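Protein chains in written order, with my numbering: chain A, 1 to 371; chain B, 1 to 371.
Derived from the structure by calculation, the hints contain no laboratory data. Wrong hints could be hidden among the right ones.
Remember, identical chains collapse to one label, so a pair may be satisfied in a single copy or spanning two.
Simulated pairs of lysine to any residue, SDA-like, Cα-Cα distance not exceeding 20 Å [as the list claims (entries may be wrong)]:
| id | residue 1 | residue 2 |
| --- | --- | --- |
| 1 | 304 | 126 |
| 2 | 21 | 41 |
| 3 | 213 | 156 |
| 4 | 105 | 340 |
| 5 | 13 | 342 |
| 6 | 304 | 129 |
| 7 | 213 | 89 |
| 8 | 304 | 127 |
| 9 | 21 | 126 |
| 10 | 304 | 156 |
| 11 | 304 | 95 |
| 12 | 21 | 299 |
| 13 | 21 | 275 |
| 14 | 164 | 343 |
| 15 | 13 | 275 |
| 16 | 21 | 252 |
| 17 | 21 | 272 |
Here the structure is a predicted model, which is why all the values come from computation and not from measurement.
Protein chains: 2
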Amino acid sequence: MRIGLLGFGVVGKGVYDICAKMPELQVAKVLCLEDISLPDAEVVGDIHAIWEDETIDTVIEAMGGLHPAYEFVRGAIEAGKNIVTSNKALVANFYDDLIPLAKAKGVKFRCTAAVGGGIGWLSELERANRVQIIEQVGGIMNGTCNYILDSMTRLGLGYDEALKQAQGLGYAEANPTTDVEGIDTWHKVILSSNIAFGISLDSATVPVAGISKITGEDVANFTAHGYVCKLISTGKRTEKGFSVFVQPTLCPQGSPEAAVPMNYNLITLIGDTSARMSFFGQGAGRYPTAYNVVQDCMEFLNGKGFYCEYGPKTAATNDICLSYYVRGGWDGEVAETWGDAVITKPVSVSVMHAWLAEHPGAFIAAIADAI
Amino acid sequence: MRIGLLGFGVVGKGVYDICAKMPELQVAKVLCLEDISLPDAEVVGDIHAIWEDETIDTVIEAMGGLHPAYEFVRGAIEAGKNIVTSNKALVANFYDDLIPLAKAKGVKFRCTAAVGGGIGWLSELERANRVQIIEQVGGIMNGTCNYILDSMTRLGLGYDEALKQAQGLGYAEANPTTDVEGIDTWHKVILSSNIAFGISLDSATVPVAGISKITGEDVANFTAHGYVCKLISTGKRTEKGFSVFVQPTLCPQGSPEAAVPMNYNLITLIGDTSARMSFFGQGAGRYPTAYNVVQDCMEFLNGKGFYCEYGPKTAATNDICLSYYVRGGWDGEVAETWGDAVITKPVSVSVMHAWLAEHPGAFIAAIADAI
Numbered sequence: 001m002r003i004g005l006l007g008f009g010v011v012g013k014g015v016y017d018i019c020a021k022m023p024e025l026q027v028a029k030v031l032c033l034e035d036i037s038l039p040d041a042e043v044v045g046d047i048h049a050i051w052e053d054e055t056i057d058t059v060i061e062a063m064g065g066l067h068p069a070y071e072f073v074r075g076a077i078e079a080g081k082n083i084v085t086s087n088k089a090l091v092a093n094f095y096d097d098l099i100p101l102a103k104a105k106g107v108k109f110r111c112t113a114a115v116g117g118g119i120g121w122l123s124e125l126e127r128a129n130r131v132q133i134i135e136q137v138g139g140i141m142n143g144t145c146n147y148i149l150d151s152m153t154r155l156g157l158g159y160d161e162a163l164k165q166a167q168g169l170g171y172a173e174a175n176p177t178t179d180v181e182g183i184d185t186w187h188k189v190i191l192s193s194n195i196a197f198g199i200s201l202d203s204a205t206v207p208v209a210g211i212s213k214i215t216g217e218d219v220a221n222f223t224a225h226g227y228v229c230k231l232i233s234t235g236k237r238t239e240k241g242f243s244v245f246v247q248p249t250l251c252p253q254g255s256p257e258a259a260v261p262m263n264y265n266l267i268t269l270i271g272d273t274s275a276r277m278s279f280f281g282q283g284a285g286r287y288p289t290a291y292n293v294v295q296d297c298m299e300f301l302n303g304k305g306f307y308c309e310y311g312p313k314t315a316a317t318n319d320i321c322l323s324y325y326v327r328g329g330w331d332g333e334v335a336e337t338w339g340d341a342v343i344t345k346p347v348s349v350s351v352m353h354a355w356l357a358e359h360p361g362a363f364i365a366a367i368a369d370a371i
Numbered sequence: 001m002r003i004g005l006l007g008f009g010v011v012g013k014g015v016y017d018i019c020a021k022m023p024e025l026q027v028a029k030v031l032c033l034e035d036i037s038l039p040d041a042e043v044v045g046d047i048h049a050i051w052e053d054e055t056i057d058t059v060i061e062a063m064g065g066l067h068p069a070y071e072f073v074r075g076a077i078e079a080g081k082n083i084v085t086s087n088k089a090l091v092a093n094f095y096d097d098l099i100p101l102a103k104a105k106g107v108k109f110r111c112t113a114a115v116g117g118g119i120g121w122l123s124e125l126e127r128a129n130r131v132q133i134i135e136q137v138g139g140i141m142n143g144t145c146n147y148i149l150d151s152m153t154r155l156g157l158g159y160d161e162a163l164k165q166a167q168g169l170g171y172a173e174a175n176p177t178t179d180v181e182g183i184d185t186w187h188k189v190i191l192s193s194n195i196a197f198g199i200s201l202d203s204a205t206v207p208v209a210g211i212s213k214i215t216g217e218d219v220a221n222f223t224a225h226g227y228v229c230k231l232i233s234t235g236k237r238t239e240k241g242f243s244v245f246v247q248p249t250l251c252p253q254g255s256p257e258a259a260v261p262m263n264y265n266l267i268t269l270i271g272d273t274s275a276r277m278s279f280f281g282q283g284a285g286r287y288p289t290a291y292n293v294v295q296d297c298m299e300f301l302n303g304k305g306f307y308c309e310y311g312p313k314t315a316a317t318n319d320i321c322l323s324y325y326v327r328g329g330w331d332g333e334v335a336e337t338w339g340d341a342v343i344t345k346p347v348s349v350s351v352m353h354a355w356l357a358e359h360p361g362a363f364i365a366a367i368a369d370a371i
């Protein structure tokens, strides 16, 4: 396999290092705007040098961001090259464009490292779908949020303090919005649901609530009641269709989710024969992410392409009902009071997220069942 | 694929049910001594009816036990049939016989359901080995022990009471020796290490300590010191070779291992690029186990055979040093005293297990590091 590698940052350098040890994977050209030189790959500054190189069969996109990653990947597909990317925003946003195009052009496309980093999650969904019906996917998909919530729970830090510590350690970016508002997790659960269920979710119907409004008092409240708060994604097959959403969730102390430390992920599938299976690992980082990029290249050598058929456009129904912790002006039915906050009577996910959109200062967290 | 299915018990019936929904997998004959009839498979009482049926290309062994499972599988390999089995005792005991024989005869052999039931653990080791060096494997591999230890920890039950409850719920057998003395886990870590490291372990060099001597007082002691006891297997690449052993282990409260409830498993690999990845799921049960038996059949259709090359005969060194909780006559160096028991200064695994063999009434548990 002769590879054109787009980007030489955290992931790109990791991919390059692993491929250097694998004779079947040859990085021929690296697209990089910085002035570097590499012993066994040509460094180019113009994407045409990769698009137009007929000896290159596979393009690995490791640039991040939507633009020009989208244009570069699209052009590579048009040029007949297989694609591997770890860019969840790219695949989630342009799913309806890139996946059918790749099929039409007869090129392979994989993005295993886009969800779960070192965990082979999307490949596992593909494997599960061979034999069973997947009923549910989701879990802890963002290491930044987990790090912040874990520090607040274990060390008693406030939100700002925990965020600052995470930034200092490189677990959160200077502008943490994409992580803490749940956008990264939202991309990942949309992509996971598309592959698990063979659909193409209308992302406008997938609600997301993040963790930026949580306070140390909320966390103390959860601890006192035997819960640990995590940012949890859910994609669930129901009688009426599919419910897909992202929200802070209270997990019972002693449950597997509650025990996920630091910046780890824990992602779960429930299948009709395998029952519950969960995958725990580093959701990000140079080598864990690069590991699954290289695994995708190996799958190409085994003849595998995309994980599933491109599925029909689908709106999430979100009609399932949950009890919620709400701090900030809840005016619906109340089951219990926890200090300044309330526990609601069960309310549908869509109703709660519609209410939250009207009350942007409130903090909500769903209450999860034990295993 | 035309399949000869040996056995129609818990796993066999599950395999039959799943295959009935998959047109590419046809169960042609079922070997069963009971008087049953099936709508779309011939029930036979004589293994020769399967060995000598040239239309059958794959034999699934779902009988359990060593004999006649071994003779039946060996004969099927001799007859040129691919083998799938979930029988860890069979594969661990006859590894040096069956794996080279299958290679010599050019037949495929897989046993994914033998470790972790519904977790695709051995397939994951195969996948990991394509790209990285596996440094460590192991974890909670026996649901019976986990159920007993979990009941003792969470409900404060004594050992006998917890065992009885597990038996009543079908999580432990009437004769629980294989599970509670760690033999089942021992088979699983030997098989996992063989595949992860490409070796054939001399099982006589792999020590095992079980949980049957644990008391409610031990567990109260662990809880008071912030630990949860689990039966943990370890297979670790070291400078001197490989350390492989099974022993009760004290995991810090709040760690992923400590949070594994009921009869679940949590199995971990550490690779030089992926870092830590763990797999959580049902380690047994009809459909989870049958799920991975059927997955192995699908791998045959994709051209895959055994997970690795058959490796050189290897003795475990077990020279790594750990601190242990010991109740019952420890005469070596002591770091701390916990009630009637002591915490030893670090001592090598091989020295501790040699000591335990001389003191069969004692209970030991290694102290694990946090993640």
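A quick look at each hint next to the structure:
{"no.": "1", "hint": "304 - 126", "verdict": "both (10 Å within a copy, 16 Å between copies)"}
{"no.": "2", "hint": "21 - 41", "verdict": "within (14 Å within a copy, 49 Å between copies)"}
{"no.": "3", "hint": "213 - 156", "verdict": "within (16 Å within a copy, 39 Å between copies)"}
{"no.": "4", "hint": "105 - 340", "verdict": "neither (57 Å within a copy, 72 Å between copies)"}
{"no.": "5", "hint": "13 - 342", "verdict": "neither (48 Å within a copy, 49 Å between copies)"}
{"no.": "6", "hint": "304 - 129", "verdict": "both (14 Å within a copy, 18 Å between copies)"}
{"no.": "7", "hint": "213 - 89", "verdict": "neither (24 Å within a copy, 53 Å between copies)"}
{"no.": "8", "hint": "304 - 127", "verdict": "both (11 Å within a copy, 14 Å between copies)"}
{"no.": "9", "hint": "21 - 126", "verdict": "between (27 Å within a copy, 18 Å between copies)"}
{"no.": "10", "hint": "304 - 156", "verdict": "neither (47 Å within a copy, 50 Å between copies)"}
{"no.": "11", "hint": "304 - 95", "verdict": "within (18 Å within a copy, 31 Å between copies)"}
{"no.": "12", "hint": "21 - 299", "verdict": "within (17 Å within a copy, 27 Å between copies)"}
{"no.": "13", "hint": "21 - 275", "verdict": "between (38 Å within a copy, 17 Å between copies)"}
{"no.": "14", "hint": "164 - 343", "verdict": "neither (30 Å within a copy, 39 Å between copies)"}
{"no.": "15", "hint": "13 - 275", "verdict": "between (38 Å within a copy, 17 Å between copies)"}
{"no.": "16", "hint": "21 - 252", "verdict": "neither (44 Å within a copy, 37 Å between copies)"}
{"no.": "17", "hint": "21 - 272", "verdict": "between (40 Å within a copy, 13 Å between copies)"}
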